[in-house]
Amino acid sequence: MAMSLGFHIVFASIGIAMPFFMALSHYRYLRTGKRSYILLTKAWSKGVAVFFAVGAVSGTVLSFELGLLWPGFMEHAGAIIGMPFSWEGAAFFLEAIAIGLFLYGWDRLRPWTHWFCGLVVGISGVLSGFFVICANGWMNSPAGFDWVNGRAVNIDPVAAMFNDAAFIQGLHMTVAAFQATGFAVAGLHALLLRRRPRSVVHRDALHIALVFAAVSSLIQPLVGHAAAQSVARRQPEKLAAMEAHFTTARRAPLLLGGIPDVSTGRVDYALAVPGGLSFLAFGDVDAEVQGLDAFPPDERPPVLITHLAFQTMVVIGSVLATISVVILFLLKRRSPLLTSRLFLGLLAALTPAGFIAIEAGWTVTEVGRQPWIIYRVLRTADAVTPMPGIVVSLVVFTVLYLILTVLLIAIMRRMIAMLHAAEKAEGAQHE
Amino acid sequence: MNELQLIEMTALFLAVTLALYALLGGADFGAGIVELFAGGRDRETRSVINQAIAPVWEANHVWLIVAVVILFTAFPQAYARLSTTLHIPLALMLVGIVLRGCAFTFRHYDPRPEEQDALYTRVFALSSVFTALLQGIIVGAVISGRAGSDATDFVGLYVLSWLHPFCALVGVFTCALYGTIAAVFLVGETRDSALRGRFVRRAKRWLLCTVMLGGVVLASAYLFDLQFAEKFFEDARSRLALGAATALLPVLWLLLTREMPNLSRIVMGLIVALILLGWIAAQFPALIPAQTSGGEEAIYALAAPAPTLRLLLWALFAGLALIVPALIFLLRTFKRTPSA
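Quick mapping for you: the protein sequence lines, in order, are chains C and G.
Numbering-wise, this note's numbering puts 18 at position 18 of the first sequence, and it's gapless, one number per residue.
Numbering-wise, this note's numbering puts 98 at position 98 of the second sequence, and it's gapless, one number per residue.
Excised from the complex, chain G in its bound form (with noise of 0.2 Å):
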């Protein structure tokens, strides 16, 4: 495998981890803004969330660790700027991570949890949406090039490059996306026919939420003149990816309304992977793209060397070797959808 292999090869698992991140670390951050919307005194969601989420969500978030692994060995440029730029969103991003899964096992653990529930519940609900926000914002930063900002000034390099509606809206659809992925995955998770029905209303609510802000989105790159959007709706893939995720939209409604869960979480996993897709195909072969054209740092020139390229993969094949079976052990252990 020549060194250009090795560096598209090291992309493509850093892509497949974050669409994994983005699907199984979504689906719990999710939960977290479902509950959120679905009210206080929704119980019996709140106990489907509990139960859902308790054995899988340590091992959901390792994603992000092997992401954040393979950007800094095989990109350690691009992490290294990344992590200057967009400073304050990340540390924001991790002070919602930590409060978000602290909030989660101390109200599943608190042997007396009625003392500080409401506290529990409210940390949880907010520090994921607060996360997920933060986490769009981040996305958003990076695809409209601001994130690659030369500024030279506090507020240019480390406000502006995320502080911007663009990026805000990204926000927004990122924590639409991941309350829709939970809503989907929701369904699969009750027994009960009258809790079903009420999660399929409520997954189909969050999709068509999904799909509109999603609309949002593309119109306002266009409106503030991105790249991105120019790049977007030219690049064959993505258009193919954007062609294939609505396709699938009307799929994933009938199996929703035929109470389907487990062919509806299958198309929801699709339908993530295709948005992850599309940006990604808009961006390639730039890392991070920069808001004047020229300026960008392609992913051949950040790339870390071939030994070390090498041997990433080797010990990222090994590890999913062992991790993958052990993974599918685990979510059947505790998702097989219960029969009666």
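Just chain C, with the same shape it has in the complex (with noise of 0.2 Å):
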């Protein structure tokens, strides 16, 4: 199941984040008649289209996995959490309507209500992900039922709908989706304006694309942080586990790279910066950050993987941001910086680190979260399938999934070449 979120999250980060590059693309044409940007937002659309639809059949293959993967899971929270998933529903009911009305409706429609459904792909996009993260919430902080004997009763699904993790890792994901499909379409475009570098299309793309990125990649450290204080009050032993911070002390020092090692309770390499943790987790040099040695051994999670995992998605982060720090000036002062071929090679060599990124953060939350697949009510060995055999499907899901990927490449490759024939042709007429 990893397998298939990690495979879909790339996706329907696209399905969020990009329509609303491709709606201020298309109003900028609207506005005016430029044509490099329809050009732009149909080419954008053919590719936002196939992303699309490979998503939406990846998430078909997750609501069933729920059930295939995990009876043990669903037939406890069904009933609790079924709710965002029926908003989820809705709200990708309207996008997958809103798409097809917009991919379609070019010659149909009136052009602002084409270019109003656009929008509300996007704006259905943001809703449907953040709903089905209230589910994802609501395992790290169970609400809304009592536990009895091994069943939830007193089921209140409003109250496990709106808990207290739902709303950071809405935030945090859906900023997340922005930044990531920012640096990456703008690393794409970068390196094709890099060849091509009189393409005007590939210039307004960088642009629109660089906004999106460095805003989100600015407002990101902050949602983060506040995210992690609310790890750190919620789930405290993944809090140390990310910090790989074994032992319960208070001016906890914050280590800064390191390897963990679980057995001797060390981190080797780290620097540590003292009262670091405390202060970041509490706001309080002097606050308690309780370590794994606070925990039962069959409690903790691994700390290796979510250690490193929380490290590679902290630097990348701060990467970006600082990186949107330049990109913010150079766009203000219109500097020719910006298409240098050394920025646009460093541009183009960061396409993937905001998806990176998400792959670790939720690497982080998944793993920190074992052995629970629901905070400490009920363990993730107690819900899975009890069918032998399971690594048969995940070989064969792997397996379509990285087919299908080289397809994708192989047309994204095909739809660039397009896109570089529509412009030469324009710029022909205009000869």
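Be aware that a few hints might be false.
Unchecked claim - Restricting the straight-line Cα-Cα distance to at most 25 Å, the calculated cross-link-like pairs of lysine-lysine (BS3-like) are:
| id | chain 1 | residue 1 | chain 2 | residue 2 |
| --- | --- | --- | --- | --- |
| 1 | C | 42 | G | 335 |
| 2 | C | 42 | C | 424 |
| 3 | G | 204 | G | 335 |
| 4 | C | 46 | G | 335 |
| 5 | C | 34 | C | 332 |
| 6 | C | 424 | C | 46 |
To be verified - Not close to chain C: a few residues of chain G, all C-beta gaps over 10 Å, as computed:
| id | residue |
| --- | --- |
| 7 | 95 |
| 8 | 101 |
| 9 | 121 |
| 10 | 243 |
| 11 | 269 |
| 12 | 308 |
These are calculated hints, taken from the structure and not from any lab test.
Even for Gly, the Cβ is constructed at its ideal location relative to N, Cα and C.
Mind assembling these two chains? They're in different frames, but the hints should get you there.
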């Protein structure tokens, strides 16, 4: 399931953010009539259509995998957390309708109605993402039921949906979607612009993507910080694993880098900032931060993976935030440095960065919740399907997704070639 | 609304979403199936299919997700149970869904389709059949009570729950039904009268096929001594459904002959709804019938508590209030039968 989610999240993120990029490009076209904007909007919409399709079918797989892989979870959780899934379903339905209208309605709808449909795709995408994350938030911060004798009673689906973790997780992921998609799209267009420096389409695309990328990257550290503080309060062992914090202490040090060794309870090669962890987690340098030693051994999440994933995410986030300051500065100044080969090369290199951070972040939150599937209520081991040979499913779907990825890349390349041909034709017309 | 009514209302919603999925999603799968049987050289059929499906397929398939969400929210234990015993056919169905959706979209958007067109087309057509087959097998497994198996060994629980001639026949029937839905819908997708004539003849052939297979399915239910057969012919509602569906067949035939596509679609939709009604009436109130009577799980026992159901129904009503107008707008934008 992690594999399907890891695959789906890339497409879902693109589906959340890209419609807004397109809406902006489309808006500029409707307002200025500048041809490069319509070429860009149409090119982007073709890419989005293909990505959306893959995202949609992988999402279908997930809704079934909940039961196929975790029947022990769903039989308890379904009634409690089904609500956000139904809202997600509704939002996704609107999104599917809107995208049909947008992709195929160029000649059948009035221009601004058509534009609005494109915007609806984005809005419903954001909403459906938010709702589905409420469900994950509930797994981390269960609410809205009492667990009596291995069953859930007194179910309150509203309390379940609006659990403590829902909002901050939802916000963090939504910002991440814009951040990752922004840098990926910017990186792609930067690479192409580097090869075709006179392309107006790529220049416009770069500008739009960079605005989204930079703004979201500067918001994200604040949101991430709030998310971490939420985790410190609600899931102290997850925080301990994230930070490789083995021993409960006041003035807990913040460890930068380092490789944790579970057997000795030490972290080697780390740079320690005294009091840093206490301060970040609770705003007080003297606050006590629980270490892994405060929890029974069978309730401690795997430290190595959680810690390395967390550090990966934070490093990438910091790098992107720093670059974003530069980007905004260059954009404001309309500096030619923005489209210099050096800078474009840098952006191209950062193409996958945001998505790596997303995968790392999901690893943190999911692995960091182990051994629980519902935090401190139900263990993952008790929820998994009894069917033997699950590995077969895993292999089949992995192979399937790999094939799809390869095909997608081939198609993208051809679409880019078509865009270049179209731009050339437009240019020839104006000569 | 008391608790029993809540449960029944929810079950009704589930049935309606399944019917809509069978009709709309079925039309999409059916298109691939029709394409497969139409032969590689039938370019016109292919291009009509492409145009017809492209704007609406994403929306059509969401009904399945809605159905699954209703199932796991309102009847979570049933969802868990079915997901366990029917793990293999469900997983295979998902592979089919993924391949079909991607093959269709890639074929449509690949700027140089000639290179991989044959691959996409083959995958699209085969995965359409494959998925339809599996969906029928899954339904057959539920109807026959095999899915409610309480075997304890691997083969008994995970294989025999669905691998059985009756289930296979329901699978084939589903393919034929979907093909018919698509063939009927296709009639309205073209203005060209020669092409229309061909589509009408095709739709009639598919209709005949489906009727025959339907008969075979019912006969086999008897032959295999399934509880389902008994209940189907005893229950007044399923008899009524069967009767009404049969009565509509000559109506559909006539509408097709007269080339009246919109009415044909409506009647086709009614027939599909009646088929589903017949199925459900035969097993109501059991959600997962069992092979031995008394072992079945009725919706009342399996349902989630009232607060969950109430909120779910509100969410469904609110959602539909938004979605149905939007869906109508979508279909009208693209399906208005083109006037000369």
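>> Under the constraints set out in the numbered hints, which ones does this structure not fulfil?
In response: 7, 8 and 12
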